[in-house]
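J.: Sequence:
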Amino acid sequence: ATGLIRRQALRGSCNEWLLFHGTSKKNADKIVEGAHDFHIGLAGTATGTLYGRGAYFADSITKADEYAKEEDGLCCVLVCRIIGGHVLYHDEVTPDPEKLQGSCISGEYNSVLGDREKCRNTFKEYVIYDADQVYVEYVLHYKRRYD
Numbered sequence: 036a037t038g039l040i041r042r043q044a045l046r047g048s049c050n051e052w053l054l055f056h057g058t059s060k061k062n063a064d065k066i067v068e069g070a071h072d073f074h075i076g077l078a079g080t081a082t083g084t085l086y087g088r089g090a091y092f093a094d095s096i097t098k099a100d101e102y103a104k105e106e107d108g109l110c111c112v113l114v115c116r117i118i119g120g121h122v123l124y125h126d127e128v129t130p131d132p133e134k135l136q137g138s139c140i141s142g143e144y145n146s147v148l149g150d151r152e153k154c155r156n157t158f159k160e161y162v163i164y165d166a167d168q169v170y171v172e173y174v175l176h177y178k179r180r181y182d
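Last residue of the sequence shown: 182 (my numbering), numbering continuous.
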């Protein structure tokens, strides 16, 4: 087939991951169109900032689906390529969001891995504080089924 773009392999040396981000269709469209990319300044306005003001991602579609707002019968999850860089691992029950965010913005780290799976038996959360660390690879539109 001609005209197909080959997706580049992930680079483990810089902690590059494919992760999920649940959002509304309206916000997904704005992010993909570049109208406000991942606007870090808006982070947490709808869902909170457990690990500071950043863009939150999950390695579980189930976790991302919690944040996918249904519009016209469809939900939306973005599959994003993330550069984690130097990762600050955190597994405490009560994080200090300002300290974690500060460690990434003006410290030696580039992202936070909040291991809620370990401390709360839920899901891991990956947080970046710089929109240049994320690229949207795919937009998933789907209907929830309750069989």
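Treat the hints loosely; a few may be bogus.
Claimed, not checked - Okay, derived cross-link-like pairs now, EDC-like style, lysine to aspartate or glutamate, Cα gap no bigger than 20 Å in a straight line:
id : residue 1 : residue 2
1  : Lys159    : Asp94
2  : Lys104    : Asp94
3  : Lys65     : Asp165
4  : Lys104    : Glu51
5  : Lys61     : Asp131
6  : Lys65     : Glu105
What the hints assert, rightly or not - What follows is a set of in silico ranges between Cβ atoms, one per label pair, in the way DEER data are often shown:
id : residue 1 : residue 2 : range
7  : Asp131    : Asp182    : 36 to 44 Å
8  : Tyr170    : Glu105    : 19 to 27 Å
9  : Gly108    : Thr129    : 14 to 22 Å
Rather than coming from a laboratory, the hints here were simulated on the basis of the structure.
From the three backbone atoms N, C-alpha and C, an ideal C-beta is built for every residue, glycine too.
J.: Now tell me if each hint is right for this structure.
T.: Hint-by-hint comparison with the structure:
| no. | hint | verdict |
| --- | --- | --- |
| 1 | Lys159 - Asp94 | holds (7 Å) |
| 2 | Lys104 - Asp94 | holds (18 Å) |
| 3 | Lys65 - Asp165 | holds (17 Å) |
| 4 | Lys104 - Glu51 | violated (27 Å) |
| 5 | Lys61 - Asp131 | violated (31 Å) |
| 6 | Lys65 - Glu105 | holds (16 Å) |
| 7 | Asp131 - Asp182: 36 to 44 Å | holds (42 Å) |
| 8 | Tyr170 - Glu105: 19 to 27 Å | holds (26 Å) |
| 9 | Gly108 - Thr129: 14 to 22 Å | violated (38 Å) |
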